[in-house]
Structures are given as C-alpha cells and as structure tokens.
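So you can see what is in the structure, the chains are spelled out below.
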Amino acid sequence: MTTKNRDVLQSLWDFFCSLKLTMFLLITLAITSIIGTIIPQGAPPPEYVAQISATKLQVYKTLGFFDMYHSWWFILLLYLLTVNLVACSIKRLPHILKIITHPTTTLSSGQEQSIANVASIKSSEQPEALKDRISSFLKSEFAQPVITEVDGAWHLFAQKSPWCRLAVYIVHLSVIVIFIGAMIGSLFGYKGYVSIPEGETITKIGLRSGQELDLGFGIRCEQFSVSTYPNGAPKEFKSILTVLENGKPVPDYTNARVIVNDPLQYKGITFYQSSYGDAGTHFFTMTDTEGKNSVPVTVPGTDSVALPDGSSMHVTQATDDVSAFAPGLSGPAAQVEVHSTSGATDSFVVYANHPELNVSYAKQHGSKLVMHYKGAQKKMYTGLQVAKDPGVWVVWLGCFLMVIGVYVAFFMSHRRVWVRIQNGHITVAGNSSKNQAAFQPVFQQLVDKLTTDLTKEKTR
Amino acid sequence: MTSSMLFNATTLAYMASMVVFFGFLASRNQKVGLAGSLLAYAGLSVQTIAIGLRWKESYDMGVGHAPLSNLYESVVFFSWTIILIYMFIDLKYKYRIVGAFVVPFALLGMAWAQLGLASNIEPLVPALQSNWLLYHVITCFLGYAAFAVACGVSIMYLIKAAHEENSSSSVSAGGLMSLFPPTRVLDDLNYRAIMIGFPLLTLGIITGAAWANYAWGTYWSWDPKETWSLIVWFVYAAFLHARFTRGWVGKRAAWLSIIGFAATIFCYLGVNLFLSGLHSYGGGK
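Those protein sequences? They're chains C and R, same order as listed.
Here the first sequence is numbered in the working numbering, starting from 1 and rising by one per residue.
Here the second sequence is numbered in the working numbering, starting from 1 and rising by one per residue.
Derived from the structure by calculation, the hints contain no laboratory data.
A portion of the hints provided could be inaccurate.
[To be verified] Label pairs and their computed distance ranges (CB to CB): (1) C:LYS139 with R:ALA111: 52 to 60 angstroms; (2) R:ALA111 with C:HIS339: 32 to 40 angstroms; (3) R:ALA111 with C:ALA54: 45 to 53 angstroms.
Predicted model only: the values in this text are computed from it and were never measured.
Glycine residues also receive a C-beta, built at the ideal position from the N, C-alpha and C atoms.
Model the full assembly from the supplied sequences, consistent with the hints where possible.
Following this line, the structure appears as structure tokens:
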C-alpha cells in the first residue's frame, strides 16, 4: 500500500517535473490564447450573437469563451504552469547549488575525457614551484584558484561567476512573483468608473463587479474641456478636479489637472481620464395651443423625463443655432423623442424662436399640448477610470527580476578552469556552462599565455 | 531636402543591396558580397538621417513627436531595426550571405511604406502623448527585428539542410550552397538572434504594461495586441526550453523560429488589420 502510494506520488512528481509538460503548457497557452482575440470578450454584442447559431453560442458560453482569460480551464493551465516550474526548479536546484557551493576542485582523468577544452604543457620544473607560479598566474589572469594535493599531484581549480547558474531560477521565480502581484491586485484592489458632471461632486463609484464603492472622500469636477489641433483631431482631454474631505477642498488636490497619460492619485486610488460627454440641461415649456397655461419642463442631459400627460421624452440632439440645419430659421432648437402612453414614438424638432412652428406641429398631430424650447445650460461631464491595485509593485518587482534573470541567463556563463601538475605534465582543462564557442578562444588564449609564461621563465 | 526623398533613397539602397546580394549568390565573389553589405549600411545611414529629419519636420509643423506614431512610421522603423540587427550580426559573426535573406524583409517594409501607406505627419492623439511611447516602440521593434533575422537564417538552414540531404550520396558540387555557412553555424545564428530578440520582447511587453498601468490603471487587460505579444513570448519561451533541455536543434528549431516570426508579424500587423483593440496606429481611438 505504502509502496503503491509512493509510486503514485513519484509518478505524479515526475509528471510535474517533466519538460514535456512545460512544452505542452507553453504551446497550449499560446494556441488557446488566440480564441480570446477572435471571439469578443465580455457580454457578447447582439450583432455577434445574431451571427452565430444558438448551439454555438451555448457551447461558447459553457466553455467560458466570452471571458476566456478568466475561465476555469485557462486559470488551470496557468496554475499547472506555476506548479510545473516550481517542481522543475525544486528538482534541479539542489544539483545546481552543489555545483556552486561544492565544486569539483580536482581534475580526474575520467573528467578530463568529458571536458571540451583540454591542453597539456610539459615542464621539468619542480611541482611545488610550478604550483605557486600557476596559482599566481590564474589569480591575475582568471580567478583565485583553490589548491589541493592528491597522491603527489597538485590540482588547481578556479572559477568565474558561478552564481549565474541561478539566473534561470530567478526567471522562474519572477513569473511566480508576477502571479502573486496579480493575485494581490485582484483580492485587495478594484477597478471602477465614475462620471462627474461639471460642478458636481461624487463620493461613490461603480465597480466593474457591478457593486458600488464609497470612496470616503469626494471628487468634484470643476471643469472639463477638449482642445483640438487645427485639423480637428483631438489634442487634449482635460478635467480639473478637486478632492474634498468632509466637504472641504484638500489643499494639494485643489484644481488638479487630469489628462490622458497623466492621472490623479489620492490615498492609493488613481483617477484616469477615460471619456467625456454632454451633461447639459435642456429647458422646455408646455402650453396649450393658445400659448397659455405654461408649465416648465427640465430635461437633464440625455435623461428621460415624464410629461404632464403621462408620456415621456428625451433630447436626442440640440443646437444653439438651427440655421445651419434649417436655412431661414434661427435660434436654439432641440430634436426630441416622445414616447406616448400608447407605446408610439414620435421624433420632432422644437424651436425657441419660432413658437408658431411648434403650434402648427401640435395642431397637425392633434395634440392639445405644445412644446417650446427655451435653450440649454451648457455642461460637460468627465468619465474617469478609477483603480486601486496594491499588487502592482509586486508585479514590477517580478518584471525587474525577469529582465535581470533573462539577461544573466543569456549573456553570462559559469566558467571553470582546472590545472593538474603530475610527473612533469601540466594538464589544463576548462569549460563554460553555456556558449562553449565563445569560451574556446578565451581558453586557448589562457593556455598560450601560460605556456609562454612558463617557457620564458625557464630560458631566463 | 525632405525626409520623404531620403526614404526613397533608402528604399533604392535596400533594393540595390538585395540585387547585389543575389549577384553574390550567383557569382560567389566576395567583393560583390562586401558591396551588398556596404549598400545595406549606406541605406541604414540615409534612413537614420531621414528618421531624424522627419522628427525635426514634425517640430517645424508644431506637432513635434518621435516618428513612431502611425503605421507608416512604424513600418519604416521596423525596416531600420532589421538592418541594424543585421549589421550587428554581420559585423560580429561575419557571414555576409545572411544579408541575402534578411535585406528583403527590410526592402519589403520600405517599399510597402513608400508605395502603399499614407506618409503625412499627423499630430499625436492624447493616448500616445507619453515618453513611454519611445521606450515601448523601440524595445518591441528591436525584438521583432531580431526575430526577422532569426527567421531569415532559419530559412537558409532549411534550404541548406534539404540540399545536404539530397546530395549526401553524390559528391557535393559546392556551388551556391558552399556560400551558405555550415548548418551548425546557421543553427547557432538562429539561436543567437533569438537570444537578442527574447529579452527585448520581454522588455517591450513590460514597458507596454507599465505604460498601460500609468495611463489606464491596468497593466494587463487581455487586449488582442497584448495577448498576441504574449503568444509570441510563449512560442520563443518554448523554443528556448526545447533547445536547452530537450536538445531541439536544427530543423525543428528552424521551424519553431519561422512559426515564431509568423506569430510576430500577426502580432504586429494582423492584430491591427483583422482584430480590434487599442493599438490602432494613428487610426484614431
């Protein structure tokens, strides 16, 4: 039973340590990620739903294709990748640490066979003296050697940057650090949105999850403006915001400028310029056909309001000067849509300077009520993206580790040189943890220099 | 003199370079090969001046910004980085013939930009008004260019390997193939180019995330461009793991490199042409 359990555990462990799994996961992640770039993410738009069959829609929904990067199977793949790289690292780290902390300081003949770069030099000099000279040579030309004596032979071992073997594990660690940062963000942070009409203050924002969040302070939009280039392309979207604590402006956060690419940060919460729109208020009066019994009607922004007869109306478009649309007419006008109690929809233009047109329209349509436009109070609203992400610094730490790790892993190598002095033979061996091709000339140069050094001294 | 004239001169220089490189393939004369490289470097120098001049011209127009803001400018910059990476590989490893398989990529880019894309200097939309634009675009495109070089080298590898297989029984006639570096070298060059590209792509994704976080408050939102850059990253990460630990070298490595570059090109152009998202290269947001 226990051996069987152990077998199961062992094969599970082997499964997670395998590089085949790594390859499978990387390729699967790459291929499945394509789905979410083709199928729209979030609530599918009606045009898209109309395009595909009901079965397809159902299958996509079941498989979570409309939010695929958060679907259980995609998250599972990411978890598997994490477990895989942790397991691989755990399996290989002890061996790597041993190479770093307990290097092989002697050169056996068996080892000599397996090393790529080997050279030998002859010398009749005393082994003791040779050892000291080669030691100081290595110290000045390569690295401080460790000297061991085994059975009358002297072994010298020197190495450079052994720690760079850890770089790969730093990269693996960095991936995990980034995941941790992302988790902190999703657990303790939030993303939301708020729109604030000019001159108004908000204290609550709507979160992406659909909930409402009380900020604990207020944000007032003092002004919103759009500036354009001469060709009409937008140049700058600018909100002037004031932070209010207990209704009082906070000194350093009064009339703060927020533009795209330059957000406002307060108490760890960041406000980003994201959209804007018209929040102006339109004024109307309703009269009878004689122009008497005037009742004022105020329509804020794009809102719908109820009229005295039970129908509702909203403004679809408004202008200060109607002459551009209707030559011969002048003054402000608004296009409105009225939904009557019977369900009929009526869309028409109401004028400020031409009450007779308003009256004749009402008469034509058999209405006892006449609508007159009285103009609008201009007002914009600013749309702000609101985010709090306490995990973002952990993510940057992970990114930093990744860049450093990738650089070291690619461009640095652990280089080792062994020298054995035995029976008048000096054997030099060297290898590099990667990029042998680049190490070979370095090694050759080292051997050449050592050879000249030794012969030069002798002839003197 | 305008930047537009210089860009035309650049295109001609790259075309001449490619023709001379093909002549090199035919003649096997080292002097012709040298001329091919020198023409490519001349094109690179003119293009460098042209990019600088276009930058200055944008300031003269009062809408000053780095020339990296729309499809035309990005394609021109991509060509520039391809030749830059080629120059680096050529000077360091001295396999001139690689130019015959890399310069065409740059020429293709320049010809498309000059003939098919709108080249007027446009003011920068608010979303792109940030210094991050420079860091993000430069790192990404240097990475893309290294992958382009790796792809060119991989194509050479496959040609050479196929030739060696076919002529293994008969005595190799040498000929054209003798100009190609040995397959071992091509395989190594493929790896080295990816070794340059992968850290740059990593930096490109990170600078993109940093910018997105700074401008919108989310460092990652699974936008198609972001996702495709991650797909490219996955492919090359798989390439590296396969090479280091499973000994995937030679043909399989060459194919992975070509697939990686295909994904790169889709990430760069396909996403803009076929999918929607935030990287609409001056198409307005």
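* Return holds or violated for the Cβ distance of ALA111 of chain R and ALA54 of chain C against the range 45 to 53 angstroms. => holds, 47 angstroms
* To do: Starting from the hint 32 to 40 angstroms, judge whether the C-beta atoms of ALA111 of chain R and HIS339 of chain C obey it.
  => violated, 58 angstroms
* Asked: Given a hinted range of 52 to 60 angstroms, is it respected by the beta-carbon distance of LYS139 of chain C and ALA111 of chain R?
  -> Roughly 58 angstroms apart at Cβ, these two residues keep to the hinted range, so it holds.
Of the numbered hints stated above, the single one contradicted by the structure is hint 2.
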